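Start from the sequences, fold in the hints, and give me the full structure.
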Amino acid sequence: MTLCQLFLQSEASYAVVSELGELGIFQFKDLNMKVNAFQKKFVSEVRRCEEMERKLRYIEKEIKKEHLKIPDYGENPKAPAPKEMVDLEATFEKIESELREVNTNAEALKRNFLELTELREVLRKTQTFFTAQGQEMSNIVGEAQHALVHDEGTTSGQAVQLGFIAGVIPREKVPPFERMLWFACRGNVFLRYEEIQQSLEDPQTGEPKIKAVFMIFFQGEQLKARVKKICEGFKAALYPCPESSQERQEMFRGVTTRLEDLKTVLNQTEDHRRRVLVGAQKEIRSWIIKVEKIKAIYHTLNMFSFDISHNSLIAEGWCPIQSLEDVRRVLKDGEKLSGSTIPSILHPMKTHETPPTFFKTSRFTQGFQNIVNAYGIATYEEVNPAPYAIITFPFLFSVMFGDAGHGTLMFLFGLWMVLKEKSLLAAKSNNEIWNTFFGGRYIIMLMGLFSIYTGMIYNDAFSKSFNIFGSAWKSNYTEGDMMGDGETATLVFDPAKYYRDSTPYPFGIDPIWQSAKNKITFLNSFKMKMAVILGISQMLFGVCLSVFNHLHFKIVIAIFCEFLPELIFLLALFGYLIFMVYYKWLVFDVTQSGCAPALLIQYINMFMFKYDPPKSDCDVQATFYPNQQTIQTVFVIAAVASVPVLLLVKPFYLRSVHNKKVLAKNALGALSTDALIPNEHTSEQSTSKNVTHVETPSVSGEGSSDIEMGTQPPPAPEKDTNENGKSQSKQNGGDDMKDINLSVNNIEDTSAMVLAHDDDEEEFEFSEIFIEQAIHTIEFCLGCISHTASYLRLWALSLAHAQLSEVLWNMVLHIGLSMDLPYIGSLIIFAVWMAWANLTIAVLLVMEGLSAFLHTLRLHWVEFQSKFYRGEGYIFLPFSFKHILDIDSLDELK
Amino acid sequence: MMPELSFNIDHGYLEGLVRGFKCGILKQTDYLNLVQCETLEDLKLHLQSTDYGSFLANEPSPLSVSVIDDKMREKLVVEFQHLRNHCLEPLATFLDYITYSYMIDNIILLITGTLHQRPINELISKCHPLGSFEQMEAIHIASTPAELYNAVLVDTPLAPYFIDCISEQDLDEMNIEIIRNTLYKAYLEDFFNFCKNLGGATAEVMCEALAFEADRRAFIITINSFGTELSKEDREKLYPCCGNLYPDGLSKLAQAEDYDQVRQVAEYYASYKELFEGAGTNPGDKTLEDKFFEHEVKLMKHSFMHQFQFGVFYSYVKLKEQECRNIIWIGECVAQRHRAKIDSYIPIF
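Chains E and P, in that order, are what the protein sequence lines are. All residue numbers for the first sequence refer to the UniProt record's numbering, where the first residue is 1 and numbers rise by one. All residue numbers for the second sequence refer to the UniProt record's numbering, where the first residue is 1 and numbers rise by one.
Keep in mind that the hints were calculated from the coordinates and are not lab data. Model, not experiment: these values are computed from the prediction. We treat Cβ as the ideally placed atom computed from N, Cα and C, and that holds for glycine. Take the hints with a grain of salt, since some may be wrong.
Pairwise CB distance ranges (calculated) [to be verified]: (1) 301/P <-> 436/E: 54 to 60 Å; (2) 202/E <-> 227/P: 47 to 53 Å; (3) 65/E <-> 10/P: 39 to 45 Å; (4) 64/E <-> 36/P: 37 to 43 Å; (5) 87/E <-> 307/P: 57 to 63 Å; (6) 301/P <-> 30/E: 31 to 37 Å; (7) 347/E <-> 36/P: 46 to 52 Å; (8) 157/P <-> 279/E: 50 to 56 Å; (9) 286/E <-> 302/P: 51 to 57 Å; (10) 301/P <-> 201/E: 47 to 53 Å; (11) 209/E <-> 172/P: 38 to 44 Å; (12) 36/P <-> 387/E: 23 to 29 Å; (13) 301/P <-> 363/E: 47 to 53 Å; (14) 36/P <-> 30/E: 18 to 24 Å.
Listed next, the in silico DSS-like pairs over lysine-lysine satisfying Cα-Cα at most 25 Å (straight line) [said to hold, decoys possible]: (15) 341/P <-> 196/P; (16) 235/E <-> 126/P; (17) 126/P <-> 229/E; (18) 173/E <-> 126/P; (19) 40/E <-> 252/P; (20) 71/P <-> 61/E; (21) 65/E <-> 229/E; (22) 61/E <-> 286/P; (23) 196/P <-> 65/E; (24) 27/P <-> 286/P.
Right, here's the structure in full:
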């Protein structure tokens with residue numbers, strides 16, 4: 001990874017960035033961070049893109065409205081040249097305006113159509129209403145009048161002119177409308193309404209609406225005006241309705257013919273609209289991609305700084321060294337494309353900045369890398385634990401999940417996802433849970449595979465055993481013994497008598513243990529020790545990996561003062577524990593096993609330095625082997641001795657190195673000023689010069705010791721005292737309390753000098769480094785103990801898993817299988833099997849699987865990676881169209 | 001019994017939501033960027049990088065300030081409706097109370113519009129969507145307050161506030177102003193009592209905010225009444241009686257005859273004294289209105305310091321209103337190329 005500067009001709013820059021975007025190998029740095037969004041150079045182009053996007057969205061919306069599908073051919077067109085952008089703009093403009101025109105036309109037509117249909121409905125309804133109420137208007141008037149002024153029976157004979165208006169209103173507005181009429185006209189109007197059965201289409205949104213026809217009868221002009229105002233307020237459409245039945249019928253006929261005409265016109269408009277949309281439909285996806293790319297390019301170009309004098313753009317960014325050639329090639333191509341005469345230049349830069357971390361991954365390793373990245377992105381050029389995780393991760397998982405049956409199911413699930421990868425990827429699910437599982441398909445497959453393996457070793461499949469090699473145990477018990485009263489509990493196979501031959505069982509656990517009463521005790525001992533062995537081995541491996549980090553970063557001191565003490569500490573204490581486990585397994589056989597010393601007590605005694613002579617032949621306090629005391633004492637002392645080494649050496653070494661560097665710099669400064677003296681010819685001047693040169697240290701010296709400054713020594717001796725002080729402090733280290741004042745002074749001096757002389761140098765803070773080292777030491781030493789204990793989760797989870805599956809078998813399927821019912825039993829067993837299978841999947845596979853996965857994750861992140869992995873880097877995010885368009889999944893398949 | 005304990009059961013989600021919304025309110029740095037805009041397109045570009053997101057993305061160019069205003073308002077309304085739709089009592093009533101003030105404004109707008117013979121459809125589009133109600137569109141049939149009450153408002157939640165202004169007089173400008181202020185007075189007092197009855201932190205925060213609102217109205221009414229035919233007795237009737245000025249300050253205000261006398265009344269109240277001192281009419285000075293707004297913003301910000309109370313909802317709406325005003329101000333300045341006064345927005349955070 002290297003920091004590069006690109007000098008791009010402004011004509012070529014577009015093509016180059018476009019090509020880099022296709023490749024996705026260059027991470028641009030934003031050089032215009034402080035510039036406002038709208039003050040950047042290519043802001044107008046970005047705005048044009050946004051305008052195009054808006055148009056595209058409009059077209060897309062229209063297409064979707066028409067229920068046309070947008071086909072996805074998986075095409076990936078290149079970003080068009082800037083010149084073509086104008087063409088695109090013109091095309092979109094044309095389609096958009098055409099669509100808008102068609103739409104406004106269609107809308108107007110539809111509105112017309114709606115109005116006519118409403119009018120027709122009004123006419124029809126009034127007609128039926130009037131026919132129902134009586135042929136003549138006068139009848140109605142009389143009746144309505146009667147209804148309205150019923151209390152004034154005497155005046156009813158007078159012919160009062162009643163007017164009416166008819167209109168259409170959305171159904172949901174009818175009740176408030178009615179109420180409002182009542183309130184506003186104080187009950188002096190008469191409202192009739194009826195629903196229109198046919199659903200009408202809203203001309204703007206195209207949504208169906210249900211409306212009602214209403215008729216209002218009233219008396220007098222004033223009321224009419226008021227009623228009309230209310231109608232207006234409620235946006236009710238009023239339609240002229242002739243009073244006589246004949247006129248109504250005529251009008252009805254006229255309206256119907258006009259409706260027919262309108263319908264044909266409407267259909268034609270619809271056809272036209274559809275044609276336009278179908279034309280756009282095929283291309284729209286590639287257009288969207290193109291516009292997105294153009295926009296991304298201009299956004300990137302906005303991150304460049306502009307050099308007016310050379311009419312070129314300067315870009316900075318990170319690029320993998322491997323891909324430098326590609327970048328050069330792209331630059332050349334860009335030149336050719338743009339036809340510019342001045343070449344674009346790639347200029348690698350040296351920098352103190354830490355480059356981003358970049359790992360090339362494949363579909364297979366991606367999942368494992370993700371697991372590591374979730375903890376922290378690797379520091380640049382650090383050992384990447386992901387490749388090791390490919391094996392250790394599924395393995396540790398399987399130790400906890402050890403069951404061949406469940407493993408097979410999991411493996412098949414993973415295998416299915418891997419085989420169906422392409423079609424599943426193409427389906428592009430949005431389900432987050434599914435995507436998580438799918439992203440880890442290779443991990444799941446491997447976890448299943450490894451679980452089959454450990455399941456075979458545990459000889460456990462759905463809590464049952466395979467009997468492949470037969471049992472190595474033989475039984476001398478007769479049936480009478482077995483059925484004997486009360487004595488069954490004491491029937492125990494004594495390995496000395498009943499183990500058939502002394503060779504170990506060929507593979508895994510003997511199936512006979514499945515039915516043994518002391519199965520758990522036996523397996524616990526085995527699994528616990530195995531967990532400790534696996535854990536310590538993995539930690540040891542982690543410590544060994546740290547060597548590669550030290551070697552790569554050339555920190556020799558760390559190998560001797562960090563790696564070695566750590567290794568000694570771990571091996572002497574915990575490596576020895578493994579040794580004892582194996583020793584006990586190998587050395588003590590059946591005959592001595594009763595008298596074998598207890599591991600735990602031995603281990604505790606090792607730290608207590610307690611070695612009692614054996615009281616009898618069969619004493620668990622006895623030592624394992626001769627000279628055990630000497631060896632163990634040496635180990636404990638070595639381990640304890642390595643702690644101060646780990647704690648102290650590195651910080652003090654670093655400080656002395658730093659002080660030396662400062663001294664060297666000082667000497668260099670002194671030499672140059674010495675050289676200046678003869679040239680100046682006047683000693684006074686030179687002295688004053690010298691004093692100004694070493695101003696900072698002398699000023700600080702003034703504060704600390706007056707005597708020194710009071711004598712006003714010549715500059716050179718003063719340096720000597722400085723030097724003396726430093727060498728003194730160096731010799732004494734930090735151990736000597738008397739000199740602590742002096743050394744503190746010196747540190748102040750040096751830091752001041754550093755600031756004065758060298759800005760590049762990082763500030764050296766001794767206390768910080770020391771505290772950091774102290775934390776590291778404590779973390780490592782305590783960590784070794786707690787992490788070893790932490791690995792016991794391997795045993796605990798494996799035990800839990802085995803027990804759960806056994807319980808499930810015994811409590812559910814076993815009951816079903818042991819029923820002695822002819823025929824009906826088969827039905828019951830079917831139902832019971834369903835319950836068992838579902839519980840197996842839900843609890844044992846999914847829940848237990850997740851929990852084992854989490855524990856494995858923890859073991860890797862905390863216990864393993866803490867031994868060597870810093871994870872302080874940041875990820876390499878190249879400028880890539882794939883990321884921007886989120887079509888990487890498609891591309892991966894090609 | 002400790003309403004804080006059970007507050008989150010009913011209102012925790014919405015409070016969290018509104019506090020999240022609050023984080024989207026533009027900061028001082030955003031305003032500094034907005035002020036530098038050359039065109040409305042620039043404004044849009046910058047607003048896109050804030051919480052407003054792509055709210056203007058589907059608007060065809062050229063933009064106008066009113067489009068921005070509508071869209072911002074729409075966003076606030078969508079957020080508010082979401083809160084309203086998900087809330088439980090008593091928060092639901094509380095949120096309804098917030099909308100009442102918009103309803104009052106809408107009614108007044110419609111009546112004034114009808115007086116000036118403007119078509120109702122044009123007026124409706126100018127109404128604040130938070131305060132829209134069903135009968136609103138039929139408001140123009142009323143020509144007297146009594147009619148207005150009987151025909152339109154009787155079914156709305158504003159009906160009880162309207163009781164005091166029923167009369168058979170014709171509606172004219174003066175009447176409308178009186179109606180508006182009477183409605184507001186009744187509304188504020190009602191809201192004040194409602195919050196007081198809720199008790200707890202809500203009462204603490206909201207009573208302070210509403211008291212300020214009431215006092216502000218009293219001051220503004222007094223100052224605006226100089227030189228009009230409004231009598232002192234009528235004026236006194238319009239003062240909301242729930243503020244800090246009640247009762248002494250209000251009776252003094254009722255006697256005030258010019259700006260200086262109002263100022264003297266404010267002298268007695270530390271917080272208002274400050275506002276009157278800082279305000280001036282000279283160019284470069286902040287107006288009294290701006291000073292009041294600033295104080296309001298301060299109060300609203302403070303309400304976010306309390307937890308387990310409804311004040312945050314009120315504050316959020318008010319702060320968002322202020323933000324809209326700010327952006328519109330800046331937008332207008334940009335659109336009219338009148339940059340001299342562009343800085344007189346009121347920063348919130």
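Proposed proximity, residue 229/E with residue 65/E (alpha carbon, max 25 Å): violated (36 Å)
Holds or violated: residue 126/P to residue 229/E, with C-alpha atoms at most 25 Å apart: Holds, at about 19 Å.
Residue 71/P paired with residue 61/E [C-alpha distance capped at 25 Å]: holds (20 Å)
Distance restraint hint 57 to 63 Å, applied to the beta-carbon atoms of residue 87/E and residue 307/P: holds (58 Å)
Pair hint outcome, residue 173/E versus residue 126/P [Cα-Cα no greater than 25 Å]: holds (22 Å)
Verdict for residue 64/E, residue 36/P (Cβ pair) under range 37 to 43 Å: Holds: the Cβ-Cβ distance is about 39 Å, inside 37 to 43 Å.
Pair hint outcome, residue 40/E versus residue 252/P [Cα-Cα no greater than 25 Å]: violated (58 Å)
Range hint 39 to 45 Å (beta carbons of residue 65/E and residue 10/P) holds or violated: At 41 Å between Cβs, range holds.
Cβ distance range 54 to 60 Å for residue 301/P and residue 436/E, holds or violated: violated (41 Å)
Pairwise beta carbon distance, residue 286/E to residue 302/P, judged against the given window 51 to 57 Å: The hint (51 to 57 Å, Cβ to Cβ) holds, given that residue 286/E and residue 302/P are roughly 55 Å apart.
Agreement of residue 341/P and residue 196/P with the hint, judged by alpha carbon distance not exceeding 25 Å: Status violated; Cα separation ~41 Å.
Assessment of proposed distance window 18 to 24 Å (beta carbons of residue 36/P, residue 30/E): holds (19 Å)
In summary, the structure is inconsistent with hints 1, 7, 12, 15, 19, 21, 22, 23 from the numbered list given earlier, while agreeing with the others.
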